[in-house]
Structure formats: C-alpha cells, structure tokens
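Peer 1: First to last, the sequence lines map onto chains A and B. Going by full-length UniProt numbering, the first sequence opens with residue 1, and the numbers climb by one from there. Going by full-length UniProt numbering, the second sequence opens with residue 1, and the numbers climb by one from there.
Any given hint could be a false lead.
[To be verified] Not everything, but these chain A residues come out facing chain B in the computed CB check (under 8 Å):
1) V265
2) P267
3) E271
4) Y278
5) S282
6) D369
7) T370
8) L433
9) N436
[As the list claims (entries may be wrong)] Below, a list of computed lysine-lysine pairs in the PhoX-like style, where the Cα atoms sit at most 20 Å apart:
10) B/K663 with A/K445
11) A/K306 with B/K667
12) B/K329 with B/K283
13) A/K445 with B/K666
14) A/K445 with B/K667
15) B/K329 with A/K427
These are calculated hints, taken from the structure and not from any lab test. Ideal Cβ positions, reconstructed from N, Cα and C, are used throughout, including at glycine.
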Amino acid sequence: MKQSSSFVKRLGFIKPCLFKYFSTRHKPQTLFRRMMLCHNTSLLENTTDWTLPKSAYIHIPFCVRKCLYCDFAVVAGTTNLNLYDTYIEHLLKEIETTLSYFKRKYQKLPALETLYIGGGTPSVLSYIHLQRIVDKLQQYVDFAPTSEFTVEMDPGTFDLSKARQFRNLGVNRVSIGVQSFDDNLLKLCGRSHNSKQVYMAWDILRTAGFTNLSLDLMSGLPYQSEEIFRDSIEKAISLDPEHLSCYDLIIEQSTPFGKKYQSGVFPLPSEDEAACMYILASSRLREQGYEHYEISNYGKPAYLSKHNQTYWKNQSYYGFGMSATSYTEMKRFTRPRKLVPYFEWVKQLEKRKGELECPQESLREQAVDTLILGLRMKQGISLNTFTKLYGQSISQLVIDASQPWITSGHMLEIYNRNGQLEGLALKDPEGFLLQNSILISLLEKSLWTTNSSTYPVTLS
Amino acid sequence: MAADDLQSVGKCCLRCKRPIFYGTCAKNTSVPLYIVNYTGWLLKRKEFIGNHRWQNTNDRLPSSRLHLSSSFRPSLVVWCCMREDSSIKREEQATKMISPQQIRNFCIIAHIDHGKSTLADRLLQLTNTVSNRDMKDQFLDSMDLERERGITIKLQTARMNYRAPDGNEYILNLIDTPGHVDFSYEVSRSLVACEGAILVVDASQGVEAQTLANVYLASESGLEIIPVLNKVDLPSAEPLRVKQEIEQMIGLDTSNCLEISAKTGKNVEKVLEYIVKYIPPPKDRSSFPLRALIFDSYYDAFRGVVVYFRVFDGILETGKKIRLMNSQKDFESVQVGVLAPHQVPVERLISGEVGYLVAGIKTVQDARVGDTITLAHQPADCALPGYKEAKPMVFCGLYPSDADQFEDLREALEKLKLNDSSLSYEPESSSAMGFGFRCGFLGLLHMEIVCERLSREYGLDLVTTSPSVGYYVYLHDNSSMLIQNPCELPEPHLVDYLEEPYVRLEIITPTEYVGPLMELTQSRRGIFQDMKYITATRTSLVYELPLAELVTNFFDLVKSRSRGYASMEYQWSGYRRGDLVKLEVAVNGEKVDALCSIVHRDKAYSIARALTERLKELIPRQQFRIPVQGMIGNRVIASEHIPALRKDVLAKCYGGDISRKKKLLKKQAEGKKRMKAIGKVDVPQEAFRAMLSLKQTED
C-alpha cells in the first residue's frame, strides 16, 4: 500500500508536452522531421533501449458474458473468485519470471512509459487484484513520470468506489467499451449493459477524477443503419471523450455472428454502407477537433493513445497473461489462448528462467511489420528510418510501388522543407478504407518478392 | 471343368515356356489348379478346378492360350490363366473353312435406350459366343463411359457360330454401330459392311427420331431391314400402335414382325432364325483383287493400330503386303483374325468375312474408317466408294485450370488422337485463360465424351469454353477462309459476308408439345420445313437450324419443353449465308478474347446485355470504376460498370493482431494470384468459367 501511494505521487499528471506537435496545425513535413528524429534517437543510437520495452500489456480474460461478435480469448460468466485468484497468481508468476530474466540480462530496465490492462473486462477484477499486479511490476521496473496507465472498463462492472480505488492505484486513462448507444443493437450483440448504464459509468469515471477517457464504438453491426450509427457518434461527442475508437465489425467465423451472418449481406450493411459509416465517423469527429491519427482511432490533441502507438510504431513491449502477445528482443510471441495451457506454459517459463522459446523475427519480417503497422497511422512511415533499418533498395521498391496509389489519390507523399521525400502515408479516408489492398500491392512489389539478393538476411 | 481334362501340366505354355511351379513339387505330386480370368494379370477371380498330378517336369499346358499368371507364388498352388475349353472349341470352329453362303453380316439399329445392347448380349449368349461366366451387361460396350451412360460410342464386332434349326452351321457377324449422329459417318461405314440390319423399336415408346435417321442410313446403304419390337414384356407396351407407326413412318411390312423381350429372352432365338432367313449372304467375289473396307480401328499400345474390316472382294491373308488405297500407305499384314469376340488369329479371310488386321500401322489416321485395304502387288482398280475425311463441326477451347497441366493435356490429346482420328486440336493461347487447345469435334456428344475422357482417364481439370462452330468468311478481295475461333474473324470492313453451318433437324414429339417446340425452334432462327402427323398423337417437325444455335443447350430445352417426350435428330445440311457479327466484350476498355463470339445481329443486343450483366456480378470490385461493354466493332451495344471498391476489412491491429493481419493479407494476395489480369483489372478464373459455360440465351 505504501509503495503504491508513493508511486502515485511520483506519477503526477500526464504531461502533454510530448505530443504537443500534434496539437497545432503543423505542416506534415515538420511533423515528420520530428518524428524521424525521435525514431532515430530511440531506434538506432541507443540500441539497448530499442530492444527493451517501455510498454506493457496485461490481459485479463474474464468477462461477465461473451459478446456475440467476440473472438478474443475470454473466460465468460465466471463468478468463481478462486479462478480469478489462480489466474492472478500465474500472471504474477509470469511477470516475475520474465522481468527477473530481463533484469539479470540487462541489469537496468528502462522505466515503463505505458501500461495497458485489457481483456476481457479487467474492471471485473477487484482493486486488490489490480494492486498486486502493479506492485509486482514495480518490484522490477519504475513507472516513468509521464506514464500512461490504461484499464479497459465496461459499463455495469464497476461503481464509484472501485473507480476511485483504480485511480488511486495510478490508473490515469480508462477505455470504456460502449460500442453503441442503441439499446436494441446492444442487446443484439449480446452486450451486458444498456445505454443508460453507459451514461452512469461515464459519470462515475468523471466523478472519480479521470481526465483521459476513451470510448469504443462499433460500426457495421447487423441492422445498424447509417442513422443509428450517426446517432451513436453524436451521443458519444456529447459526452466529450478525450479519445474515441471506432471499429468496423469484422465477422469471425468462430463466433455466433460468424455462423449467423455473412459479411456484406443483409442484415449486415453492404460494403458501401459500411464505407459510408466509416467516412461519417471520420468527417464528423475531425470536425469536432479529434485527430484521426490511426485507421480506427481518434483523439483530441495530446490525448492520443501512447500505448497503442507503441504497437503501430513496431516498438517492443512486454505482454503478460493468457493470449497476450509480447514483442521483446525481436521475438514476437503469443501466449496460449486457454487457461489451463496458459498455466502450464507459465510453469514451463519458470523452468526456463524466463527465456522465451521463440525465434527472432528476421529483418524482412520486421520491415513487413513496420510497413503494415506504420501505414495504419496518419503520420505513415518515415522513409529515412525505413531506409536506415531495412536498406535503400527495399525502401525504393516501396516508394515505386506506391506511385499508382499516389496517382489514384489513396496515398500521400510527405516532403520535408528541402523538398525531399520523407514519408509515405495513407490518405484519410480513401486510403484508410483500402488499407489491405494497398498493403498487398506494396508488399508484393517489395518485401514479398523472392529476390532477396539485395537484402541482408539476418540482423547483425 | 475337371482336372482330368488337362493331360499334362509342367510349362505354362509353348510360347513363354515358364515353369509352372517352383520348389518342392516332385513328380507325381498332386497339386491344386486354379483358373484366373483370362484377361487378368491382376487376379480378379480365382476358381479352383481340381487337383492335378504332375507327370513330368516338361509337361505343358495343352493350349497356347493358357497362360500362367505372373502373380503365382512358389507354392503348390498353381494359378494359370486359361479359358474354358468350350471357348477353345469355338476358336477351332472359327478357324474352319467356310463359304460365303454360310455368312450373315448384320447390324442392329435403334434409338437410344431401345435395347440394342441388351439384344446383342442375348444373341451372344444364345450362340455361346460368350460364356455365362464372362457375361456382363452390355458386353460389347467396352468403355466404362459407354456402359455408364448406356450409349455406344465405339463400335464393337462379334462373330457368332449358329446352328440353325435346319441343321446348317452359320457364321453371324454382328457389327455393333454407334447410335449417335455425331458418328454418322462411322455408322454409315459399318452399315455398308453389312447386308442387313435389325431395327429394334421400343414397343412402348415407338418410332423415335433416331430410329428414323438410322433407318434412312441403312436403306441408303441398301440393307435388308428386319423390324423387331422390343420390350414387349413391359405393361406399357403397345405393339399394335408401334407396328402401325413403323408401317406409316418407315414403310416396312410388319405382318410377321417379331415381338421380343431382350431382357427376358423371349423370342430372341427367332431373331437368329430371321437373320439367317431374311438377310442375304454376301456375294462370293473371292476371285477378284482384294478390297476390304475398314469400318473401325483402334490403337493398341503393343501392336499398333488394329483395324476392323469387311472383305468385299478377294482374300486377305496373313503375311501379305497390303496397301491402304486412300492414305496410299503400304504395310505388312502381321496378323489376320476373327472376332470371336476375342481376337483369334486365322490364316486367311475370304470375301464376305469380317475380321481384324494387325499390320504395324502407327496411327489411326493412316487407317481411317472408310479406307480400302488391297494388296500392294495386286491392287484393285478403285477403292470402295464412300470414303470421307473427318470434318470437325463443333469447336471448343480446352484449357487446363492449372497452367502446369498444359503438357499433360497435350499428351492426353495425343493419346486420344491415336484412337480417334476425327478429333483435331491445335494449340491456342488466350490472354484470359492462358495456354490451351482449340479442339474440333464431330458433334456435341463427341465433344462431351472427349472432355469426359480427358478428365476421367487422364485426371485433367479442364476449363471448357462454350462450343462454337466453324464459319466461312468471304472477304471483299474474293478470298475466303474457314475460321474456328471467333477471335480470328477479320475486321468488319474487310468482310463481305459470313456463312454458317446449318443442320436439318427432325423432332418427333407428342402432338401437345408442338407449340412450345415450334416457338423454341423459331427463337433459335429455325427455318420451318415440314410437319407431319405420324399418328394421331405424334408429330414430326422438320427445321433447318443453324448449328451454332443447336450447340448451345438446344437439346436440353427440347427435352424440357416437351417434358422429356420429344426426341430429335439432325444431319449436316451445308453452309448458308447469315447476318452475323462479331460480338466482343471489353473490360475497362480491353477486349477479352476468351469472351469473343460470333452471333446473329438480331441477337447481339440481348446476348451482350446478358454477358455484361453477368460479368458485373462476377468481377470483384477493384480500386477504380470498371466499365464492362459489349461491342460490335467499335460500337458499344451494352454497357455496365462495376463500382470502385470502397472498403477493405479494417481489422483493429494491436499487439497480437499483427500476425493475424499478415495472414489475412497473404490470403487476400493468394486470392489475387488466382486471378487473370485484363489490363489493370483482376478477374477471377471462376468468372471465366462461369461466363464461358453461360447459356447464351436463357429461356
């Protein structure tokens, strides 16, 4: 307890200065130059820093019930607190084993800049559980003074006291799963709450003092018309969230929705209708001063998700818990998606003293990841960084492959002040909507080609 | 068969001299003997025939045709492949000297399903040509495909020995004919080889279109026709009505018409009597220079082409130098024999006889059906009349769906061609379909069979373009050319006019369906020729119809319009001038050669509309708007557009999602690879298949 309250003091408030260049209307060039510098420092000059994560993701698989479209690794409907305890025990064991391995190997670990507890529904956990997790992390790593600590919380799973307790633990950002403000749709999707509970949850969080709230919405739901979606957007705007995520529903075969509906066929919206919803969200939210900084994410300037940008910039991060993916030491590893195998795996990890049994990603794979992830962001990819990391020839291939898309108005070239080409990005919304097609054509002409003679095979 | 029949056993046979057993068997040991199927090196059936006591180690099996199976093991069990001795006796009989007076050459003609093959089966059984043990249904239809579809594609021939009630021995040569118009040339050649025909008519269905067509062919060849009513055992049989139909439509006397049931065997023995009684024996022309008509041939991997022939003049002997008069090639006759129905070599075949010839002929083209065999040193003055070159009427493109199978397809076609001289093919490449072949066929059934055999026997997965016909193009400079592929049609300004093949179509239908059928035929540009009321309830319609209209699902429509009751038959009736245009389809401004077709001007609009609408559904959206146009020359006559792609699947992409995302992209890219690019547009292979099999006029 004592330890954690001292942590809160150190943590203070988020300082928005880090992202201040997003706030004013800088020309993209300037923005890119800065981004590039930032990349260079962190990626190349200090390689130890680069491979060691400054972000952590922790997965809490428990949910009140499983939504009908969801195919995440989720344990739904359990009220068996013993199971929660058992899970937390294993989770803590994993954190301990992994972090002590890193500590042994690198002596000093960089402070965590972001911590994200996702799920599932982490807000079904009690304050005690959360505290144990935070304490365990703090045994090994410091939290940076400006760190972003997000917990996903669903309406109806917490009250004011729990919200306050979470906040006291250092949680300074909450992502709240709303999905829609239409009660019929919420019911149809198998959500465990209604729109009234959303407003209540929102009030609770604001009362508890949270100043950085993110709200999740979904488009492309069955029977969802553009009107219903517009209504949800407006209602979301009226709550004035700092951050919004608008996801387009993906029908996964393994889910009840997958068995019931077919993509693009009524009652699911057609491709055109879904595209309209996407464009609606993009234009309406930008109008309201939100930055459309990633395909599905919008934020007020200075409130862009630091944690998620770690992913999109293809930087390393810890991952703990069932089904969580980590990206450490160039190894991308996904944990087992079921409880018992996960428990078994944690025991194995202990025996191996925290070392992951998983090959390092090749430089080529990393380049592919960087491209796929980087182009999700409005800022796109920095060609300087890309060239430095993966070579001039690959970089040139990507530039060449993007020419038709630039002509067709789906991609943007970003130039610096001297008129040099510095970056490539997708255009909002045309390019964002066709991200897959664009990526495939870029990759086919660059990194997926079999000719690797011009390309270093392994990381030196 | 009892073991006592075998006098001595020791070597497999004279020819291979393989010892019949290994190991421990001593002299005078008794061993069990088994017979296995004659045909099988593979042991299909094993039959214990008794124990046999070895006399000495040099003992041989009594007949040269008794072969030891290669699969026998060094034990006391002997598996020798041998036939029953009755068949040996038959062969001995077969080789006996005979005079033309004892010979009857005949064929059986019938509409599909009227029981031709079943009757043939019965005749073979009655004359003990095939033992009951070897008997399987439709014995003479040896291709699986034939037996499955109940049709005869490749003709078969069987020689039967028949002891007539008058005590005389006769040799009956049954020349089984293919029943379909596609093979009418082959049919006509085999008819020429006979002196008479048994006309089988289903006693409940009556005279059908094909019955008529075959009767015309047979009477053209001057054959004696014996009508036989089959299936009289069926409750629906109406022998009186059908007899009336035969008299009215064919003009045959039915006063002593046989009423049989090939299935139950009723009255079948009478058929044999009738054959001997009514069919004239061949003329004795043994003293003339040799002339023998080839009515069938097939390719045997070991012996080269085996030719089936009928001797008209002279005598054909083993070991003589022979000449094929139309192909002008000389060969040495290696083996001459009769078809009993297994091949049995004989020394010589006299005028009037039917047999086979092995002469080291390399391809069936050298020994085409209709060619005349004569002696090289003593040739006949002129060949037998009626020889025609095979002329393909229906064409289609065959493309392997997997481009790697192109060579396999070429090989398969070469092999089929060995056996089928009427099949023609030439390599063709299409920007949409890749490499393939343009094949020419005698007709639709022929095409269907070839495609089926390619996929069944050679395991090829093929894309078949919709069938087309050959057109004569007359240019302004007075030259003309035959085009088989619509893409080859010269620019419109060069073309004076086009001629297309027509058929004379005869449909026989219950009277109530005349209306719908006339409507159908008119809509297919049919020219009315004649209509006859055969009986009160049956009508015959005669039309001139463009073949191009016939090859696109016409037959299916006739069947559906008449609820399956109408039958049809057609004959080539020559080329006629037509107002034809080349209809092209352009996707995003690029013309797609695979979808090019030649159509009648009046129909161009509706076909173009159907094509473009269908393409719009089949081509997935791309990043830009794609116009799809049907064009005649440069004039757009139908236009659709595929709207631009609006949205991909927008997965969220957090920590664990990147590998899924990569998989998704890979999958999507794989899907794209299976598409053919037309200019900038990616079109899935399936779209082409669907388009090309598109029934052009949906009714």
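Peer 1: Using Cβ atoms only, decide whether A/Y278 comes closer than 8 Å to chain B, and label the hint accordingly.
Peer 2: holds, 6 Å
Peer 1: Does A/T370 pass the interface check with chain B, least Cβ-Cβ distance below 8 Å?
Peer 2: Nearest chain B Cβ about 10 Å off; hint violated.
Peer 1: Would the stated hint for A/D369 survive a check requiring a Cβ distance to chain B of less than 8 Å?
Peer 2: With Cβ-Cβ at 6 Å, under 8 Å, it holds.
Peer 1: Assess, step by step, whether the Cα of B/K329 is no farther than 20 Å from the Cα of A/K427, and give holds or violated.
Peer 2: Violated: B/K329 and A/K427 sit about 75 Å apart, past 20 Å.
Peer 1: With a cut-off of 8 Å on the beta carbons, see whether A/N436 makes it to chain B.
Peer 2: holds, 4 Å
Peer 1: Does A/V265 pass the interface hint, meaning its C-beta sits closer than 8 Å to a C-beta of chain B?
Peer 2: Hint on A/V265: violated, closest Cβ of chain B at ~14 Å, above 8 Å.
Peer 1: Are the Cα positions of A/K445 and B/K667 separated by 20 Å at most?
Peer 2: holds, 16 Å
Peer 1: Hint validation: A/P267 versus chain B, beta carbon distance must be below 8 Å. Holds or violated?
Peer 2: violated, 18 Å
Peer 1: Does the interface hint hold: is A/L433 within less than 8 Å of chain B, judged Cβ to Cβ?
Peer 2: A/L433 check passes; min Cβ-Cβ to chain B is 5 Å, inside 8 Å.
Peer 1: Holds or violated: are the alpha carbons of B/K663 and A/K445 at most 20 Å from each other?
Peer 2: Holds, because 17 Å separates the two Cα atoms, which is no more than 20 Å.
Peer 1: Hint check: A/K445 vs B/K666, CA-CA at most 20 Å. Holds or violated?
Peer 2: Cα-Cα ~13 Å, so holds.
Peer 1: Let me know if the C-beta of A/E271 comes in closer than 8 Å to any C-beta of chain B, holds or violated.
Peer 2: Holds. Min distance 5 Å.
Of the numbered hints stated above, those contradicted by the structure are hints 1, 2, 5, 7, 11, 12 and 15, listed in ascending order.
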